[in-house]
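**Student:** Since the structure of chain A is provided, determine the placement of chain B on it from the hints.
Chains as they are written, first to last, in the numbering used here: chain A, 4 to 831; chain B, 5 to 256.
Because the hints were derived from the structure by calculation, they are not lab data. Glycine included, C-beta positions come from ideal geometry on N, C-alpha and C. It cannot be assumed that every hint is accurate.
[Stated by the list, open to error] Pairwise CB distance ranges, derived in the manner of DEER restraints:
1. Asp223/B with Pro381/A: 31 to 39 Å
2. Ser744/A with Asp190/B: 44 to 52 Å
3. Leu771/A with Asp103/B: 38 to 46 Å
4. Pro381/A with Asp103/B: 18 to 26 Å
5. Arg396/A with Ala46/B: 43 to 51 Å
6. His288/A with Glu36/B: 38 to 46 Å
7. Gln374/A with Glu36/B: 57 to 65 Å
So you can see what is in the structure, the chains are spelled out below.
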Amino acid sequence: MKKILHIAKANVLRSKSAAVSLFLIILIISGLATIAISLFMDVDDDFLNTVERMNGSHSVMIIPRALHNSIFDEIILNDPRVSEFERTETLIANGAIVYYGALAETNIIIANIDIPANIAAPQVIARDKSVAPAYAIYLPSISQAFGYNLGDAFVIHHRNREIEFTIAGFFDTTDMPGVNFGTMRVFVPSEGYERLTRYFGRSVLMMIRFYDMNDSWAFNQVFSDDVLVDVAAHSFVFSIQEFVSAIQTVYIFFAVILLFAFILISISLLVVRFRVADSIENTIHEIGVLKAQGYTSHQIIACYLMEYGVIAMPAAILGIIVVIPVFSFIRFMLFTLSATPWSVGVNPLAGIFSAMAIIFILLVKVFLSTQRIKKLPPITALRGGISTNNFRRNFFPLHQFTGNVHLGLGLKNMFAYVRLYAMIGVVIASAAFALTSTAAIYQTFVADQMTLAAVAGMEANEVLVTVTRHTDAFALATEIEQLPQVRMTTMAEITMVRVEDFDARMTTVSDDFSQFETFVAGIGRMPVYDNEIALPRSLAQQLNRQMGDSVRVTVSGITQEFIITGYFSTLGGIGSAAITYDGIKRLNPNFTRSTISIYLHEGVTVEAFEAVLTQQFGVLNVFQYEENDSFATARARAEERIAFYLENFDVDSVEYAVILDGEIIISGSSGMFQIERIANHIELVMATAANVIAPMTALTYMIFVISVIVVALILSMTVRAVVAKRRRELGTLKAVGYTTSQLVRQMAISFLPMTTLGIIVGCVSGTLLISPMISTAMSASGVLNMVLFINPLVVVALGTAILIVTYLVAHISARSIKNISVYELLSE
Amino acid sequence: MKSIIKTNKLCKSFSSGGTQIHIIKNLDLEIEAGAFTVIMGASGSGKSTLLYSISGMDKPTLGEVMFNGTDISKYTNDQLAVFRRENCGFVFQQIHLMDNMSVMDNVLTGALLISNDKKAIEKKATSLFERVGLQKELWGKFPSQLSGGEAQRVGIVRALINKPALLFADEPTGALNSSSSVKVLDIMSEIHANGQSIVMVTHDLKTAVRGNKIIYLRDGAVDGTLELPPYMGDNAGKRLEKVQKFLDEMGW
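Just chain A, with the same shape it has in the complex:
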């Protein structure tokens, strides 16, 4: 045993650089496999575990205080499924905040941090105690990713008023954590809370935990239908299951990581297999020596197993250790995608399984490759193995080859080691595939938000205008369409309907879906008639329905049958639908159009266009709130009241006058205002994309760097193997007068055809397959026919870059022959 270990150690030391390359490759495989398996095993439960760890809510209901009834509390408390219940007062601001540099509309739930909470208590991770309590605000920790820091100003844009706070802290939460889920909960101290009650409506926040969190959705449905009834229309009701479906964007991330890990593991195993076979072939003479000395075949095989074992074992274990810090990066990316904290890390079982599987595969390969040693007589091994006559075709005969001699020799060389070069081709093709796919994902999510809008089921028009109640939206749309800055207008509303037992909170209502540019049906068509509906395929699957089937759609107790005409793509799970205007009228006869979607000509900025609209049509509440300015305060409050009356009461017009200190400071008719609100919709689309962009960018860079490292390692290992194989031949060529640089050039040239072929295959297959692959991987979260944007120039640039890297690595690695004299090359 000692002797075997000694020989194995000597073999490792003899080919140190190959051993180091193999060590690194096994380390990378082990690390990637550990990441992939850990994510695969743990990621589904990770968020729910975090909810439990943080005692987060399973159901949330927010009901206007005036509509709240203590019976609601009693019913909840008496339900045997409920384990914990907590009711607090909260304020709701339907406003906007700056999010990744864009103004994004969201429901802001403002809670009092001084009131102790058991359920979903904010876990403050950073605090600035110097901030005055009246202006202090605590934000979900994801806000740090938006660019907010302690002590920064934070502004809530509410009814065009700007209410400014100073950030006093950040907290982790799994409850209403961010803008991209439509609701963000923030906390303020008592002093600030009292100040804000002047501006925002008071509501009751009810948080429920169940013994089994899976009961939350069913509970919410029954509670909404049978208890809240009409109050439900004025309330927010969330279940943890809906939130889980809303964080499905993280699955793009997993899909990319798993795909990449699979590719790298496959190519690395291929290289390991080659390395083992090559090593045995190269040491056949030593096998003869050992056999001649009396070593049995089993002992020699044990030497090889030991040699690879001593490399593979520490490499595989180190691979697991190395990914421990990598997981903090992965957790950060998941956090950015989902706005909730993640605790996923190295799963010890995954690590052990990865390491054992890799070591096992490697040793099996070594064992199988060494089996021929048993049949090899010592004398045959001493003579360099069994040499068989070779009757191959003579590729590129030099006297007929029209090109340069170095090109000819390079090509001949390639055909001489065609299996080896084919392996390089496969490696390069895989790397090119991974890089092209990553580039496509990067371009789609980072460079082209329109594609992301299409994937997310959003219409990417630039401006949304909400008209005042008395304004004829159609007439205003026609007028707006005449403006030279406007390319097109459409009418589309967002409302909530219930499809069977699922709330489709983001139901788009329009007369003419054919005008839509990014919110389109991926399969089938969008609804045209009043009894038609389009759904995300994931929702249809949950309902066990197909195109052509009927679904029951309910609004405020009115239920009608609708036929599914098509599926559209979503990123946020199942909560959306598309219905025609006539269709929604069947469910809600009082439904009115109030939103105009405006598409601007290229080059027209939203800000410039807002100014035009304001000037021509009158926009309510274009006003900056200054608390110390009594005139401004009065005017702001007056306009706020006007907007409130128009919005909440059945009035067409308000005649008003505001008197301050006996003087009329503002008066008129609300009829002068045609537009209630202008929203920069493209900013919202981009803001929605923003939380995907940062982690995707990081992931792209990570994949790029790892791909380059792995390709460089594999190439360097292969080139060195080729140099070793061709040692005598290179010596002969040097002897007849070839310079080192000529030989290096020939070697590099010999890699080019297979590399080029690999790049073409990889880039083309990456371009063609990435969209259907990601669509399939993401289909569970509603993604349909995702068409990733791939700029051909980027693909060409990427291919060229791989080619250059390959050529340079081959060049540099082949320089190893430089310092060896011809005599040494020949005599070894």
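**Tutor:** Below, chain B without anything else, positioned relative to chain A:
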């Protein structure tokens, strides 16, 4: 006769396990143009090391190697490569044909470095093949399909294709059977008779008699030399005796 190679205090050392081993020690040697010089000596005397040091295959540790009056010992590796391709031909004991190339390609690899005129090179190769008695059907074969003697004849053609000023041969018959050896040696005698300068290392008596100057090396230094008349074929017996006597004197 004019010397083609002249060494001045030539030294060649190798380090092994931290120890310097001096193979060639302050060796002064002159090789005449047109001569068939044979280097002999016991194992480890430095024969092959000397051959590779004076042929630009390896750099000497110290001293000079003058080739036609130019010191090649200071050449860079690339300069030595150019020097070899333009001035030297090599015939090895292990032959060193490239397995993945046909016979013709093995020969052309060196020739195409000098000239791009493929037709002329092919014609020259054809003529050399005929001269060494390699039939046409062998030209497209791979080395593994040739016998040892045939392969070494390809090696000789490869060495001669660029019309080298000097042909270096390191035990050219060491791996061949006796009939193949005679054939190869006959070719070498014939090309020498046609004016080719040859430096050959051997420890075989029958091979050595083909030369017209025998240099005996001992411990990296010239211990003795023997001048012989040109080899004619019919005087082999007398030459053998003379060489045997010389080697006996040298203590071989």
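**Student:** Hints first: check each against the structure and report whether it holds.
**Tutor:** Consistency of the hints with the structure:
no.: 1; hint: Asp223/B with Pro381/A: 31 to 39 Å; result: 35 Å, holds
no.: 2; hint: Ser744/A with Asp190/B: 44 to 52 Å; result: 39 Å, violated
no.: 3; hint: Leu771/A with Asp103/B: 38 to 46 Å; result: 41 Å, holds
no.: 4; hint: Pro381/A with Asp103/B: 18 to 26 Å; result: 24 Å, holds
no.: 5; hint: Arg396/A with Ala46/B: 43 to 51 Å; result: 47 Å, holds
no.: 6; hint: His288/A with Glu36/B: 38 to 46 Å; result: 41 Å, holds
no.: 7; hint: Gln374/A with Glu36/B: 57 to 65 Å; result: 58 Å, holds
Violation of the numbered hints given earlier is confined to hint 2; every other hint is satisfied by the structure.
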